[in-house]
Amino acid sequence: MQEVEGLLDILYLITIRGLSTTLALTLISLAFGFVVGTALALMRVYGPFELQLIAKGYEKIFRGIPLLVLLFIFGAALLGWFMWAGSVIAALFVAAVFALALRSAAYQSELFRGSILSVDVGQMMAARSIGMTEMQATRHIILPQAFRLSLPGWTNEYAVVIKDSSLASAIGVTEMLYQAQAFTNTYPALFLGIILVISIIYFIFTYPITKYVGESMTAKLRQLGLGGGKQ
Amino acid sequence: MLIVGIIIGFGIGYFTPSLVASDDYDVIKARGSIIVGTNTNWPPFEIFNTTSNQIEGFDIDLAELVADYLNVTTQWIDMDFDNLIGACQAGTIDMIASATFITAARCAVLQPLTWYIRTNEVVVTKANSTLVIDELADLVGLDVGVQTGTVEDEELSDITNMEATLTRYPVVETMFQALDTGTLDAIYVDEPIVGLYSTVYSVKIIFTVTAPPTAFYIRYGSDRLSAAINSAIAEGFADGTVDALIAKWFG
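Protein chains in written order, with this note's numbering: chain S, 1048 to 1278; chain V, 2 to 252.
Bear in mind the hints are in silico, worked out from the structure with no lab data behind them. Note that the Cβ used here is the ideal one computed from N, Cα and C, for glycine as well. Misleading hints may appear alongside valid ones.
Unchecked claim - Computed from the model, here is a short list of chain S residues facing chain V with C-beta under 7 Å: (1) A1123; (2) I1218; (3) F1230; (4) T1231; (5) N1232; (6) T1233; (7) L1237.
Stated by the list, open to error - Simulated pairs of lysine to any residue, SDA-like, Cα-Cα distance not exceeding 20 Å: (8) K30/V to K1107/S; (9) K127/V to L1237/S; (10) K30/V to S1134/S; (11) K205/V to P1235/S; (12) K1103/S to V1083/S; (13) K1107/S to Y1154/S; (14) K30/V to P1235/S; (15) K127/V to A1236/S; (16) K1210/S to L1198/S; (17) K127/V to L1198/S; (18) K1258/S to F1194/S; (19) K127/V to F1238/S.
As the list claims (entries may be wrong) - Residues on chain S that point at chain V, a partial pick, calculated with CB under 8 Å: (20) V1116; (21) F1119; (22) L1126; (23) A1236; (24) F1238.
Isolated chain S, as found in the complex:
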């Protein structure tokens, strides 16, 4: 058996090996989820009946399947789809991103749909009356306001995705929880310490975002007279 390292060494190794993968999983999934989610939200608000139906169906399906099941579908059963990534390790990463992004897109779409609807309908009329096309009005008038309104909710989605990225360890993506489990297998005596350590790391990467981006944005919106609650 190997020499038992200190908890600090373990913290260091888990961080340098696992954290980058966890953050990459989170940020890439959020980015893809953002693009797809925005498209779905626009489809639901402005699209013709058929597109609304597709967007609705998509949301229902991907909000109805647990992420772990999605990961098993893409990462264990259909990994062959992702073998274009080159190696198995890359394919597993892509499969995990795919599952996280599809799920996140469904939730982000709901989020953006709500904020698009909360922009006053008069703004669209005003933009149309000065000669903008519906596309221009959406891009320059509606979406910038809608995204600002959705920012507090979106930090919540970030918090969900970064924590759910830990589920990717079940299909063998070497992210932070996988590294932590490897260490607990080697040093069973340090089980509690290692689990506490990664809890703290996840917390450090969640709390400041929800606190400073989420809450300060809520306060700012309230100053602008947007959003309810106690004054």
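Fit chain V to the supplied structure of chain S, relying on the hints for placement.
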């Protein structure tokens, strides 16, 4: 419509590989690597070495030996033990190398290769436990832990009235934790893995069962692949490499 479309899409995606796939042997040769599935919480068969940041173990070395014989490289996937069989059937992995016992249920869906080691299954309790059993059926009524999908799981599931107090764990580590904190009265595992945990927890073996032999598994349908892997293992036994590996990992 959408749901039907998705089902059809998934269906086509699922079946297409099996329609166009040629012999697994050719696929592996063409790819230049064999994809092997394992579950790394089963020392000394397979464990993630935190110092070298790589997986290692007896099964790992043996699979590397097989890959050398086939003249390809190995690519490893580390997944939950109970997903291995499904992943191999679906074609995600070419071979299972995860201290997998030969059982009738597994042979019905996957092809076992030549067996390479035989170990014991043991019932483990805390060192200060006074529990004594003469057969596995004596465990009925006690809180017992097993790893999900293992042969130990199957054996205990077959005992009547066992189900109510049987807890299945996906990870061995948490099972030993539960034993140590007193949540479980006993756990039923492979003997070799008790070695590591007995250095941390004060546990003792109270009952031993001879386990079925251990083998690698592949999909049915490629006689050339099974023949090649069997020859690789047979050759390893003939020139003493496998015995050297056994000495290296099991001391």
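Hints and how they fare:
The beta carbon of A1123/S is positioned within 7 Å of a beta carbon in chain V (closest approach about 5 Å), and the interface hint is therefore held. A least Cβ separation of about 6 Å between I1218/S and chain V falls short of the 7 Å threshold, and the interface hint therefore holds. This hint holds: F1230/S has a C-beta 5 Å from the nearest C-beta of chain V, less than the 7 Å allowed. Interface restraint check for T1231/S: the shortest CB-CB distance to chain V comes to about 5 Å, inside 7 Å, so the restraint holds.
Checking N1232/S against chain V: minimum C-beta separation of about 5 Å stays under 7 Å; hint holds. The interface hint given for T1233/S is met, as the beta carbon of that residue sits about 5 Å from the closest beta carbon of chain V, less than 7 Å. A hinted interface residue such as L1237/S counts as satisfied when its beta carbon comes closer than 7 Å to some beta carbon of chain V; here the least separation is about 9 Å, so the hint is violated. Between K30/V and K1107/S, the direct Cα distance comes to roughly 43 Å. Violation of the 20 Å bound is thereby established for this hinted pair.
Under the criterion of a C-alpha separation no larger than 20 Å, the hint pairing K127/V with L1237/S is consistent with the structure, at around 19 Å. About 15 Å separates the Cα atoms of K30/V and S1134/S, which keeps this hinted pair within 20 Å; it holds. With a C-alpha separation of about 17 Å, the suggested pair K205/V and P1235/S falls inside the 20 Å cut-off, and the hint holds. Between K1103/S and V1083/S, the direct Cα distance comes to roughly 13 Å. Compliance with the 20 Å bound is thereby established for this hinted pair.
Pair hint K1107/S plus Y1154/S holds up; C-alpha atoms about 10 Å apart against a cutoff of 20 Å. The hinted pair formed by K30/V and P1235/S fails the criterion: a straight-line CA distance of about 40 Å is larger than 20 Å. For the given pair, K127/V sits about 15 Å from A1236/S by alpha-carbon distance, which is consistent with the 20 Å threshold. Simply put, K1210/S and L1198/S have alpha-carbon atoms about 19 Å apart, close enough for the 20 Å limit, and the pair holds.
Of the supplied pair hints, the one linking K127/V and L1198/S is violated, its CA atoms being roughly 53 Å apart against a limit of 20 Å. Taking the CA atoms of K1258/S and F1194/S, the gap is about 18 Å. The hint holds against a cut of 20 Å. Proposed proximity of K127/V and F1238/S is supported: the alpha carbons are some 18 Å apart, at most 20 Å. Annotation: V1116/S was flagged as interfacial toward chain V, and the flag is violated, the nearest CB pair being 12 Å apart, outside 8 Å.
Contact between F1119/S and chain V, as hinted, is supported at the beta carbon level, the nearest pair being about 7 Å apart and thus within 8 Å. Annotation: L1126/S was flagged as interfacial toward chain V, and the flag holds, the nearest CB pair being 4 Å apart, inside 8 Å. For the restraint placing A1236/S at the interface with chain V, the shortest Cβ-Cβ distance is roughly 5 Å, inside the 8 Å limit, so the hint holds. Checking F1238/S against chain V: minimum C-beta separation of about 6 Å stays under 8 Å; hint holds.
The structure shown violates the earlier hints numbered 7, 8, 14, 17 and 20.
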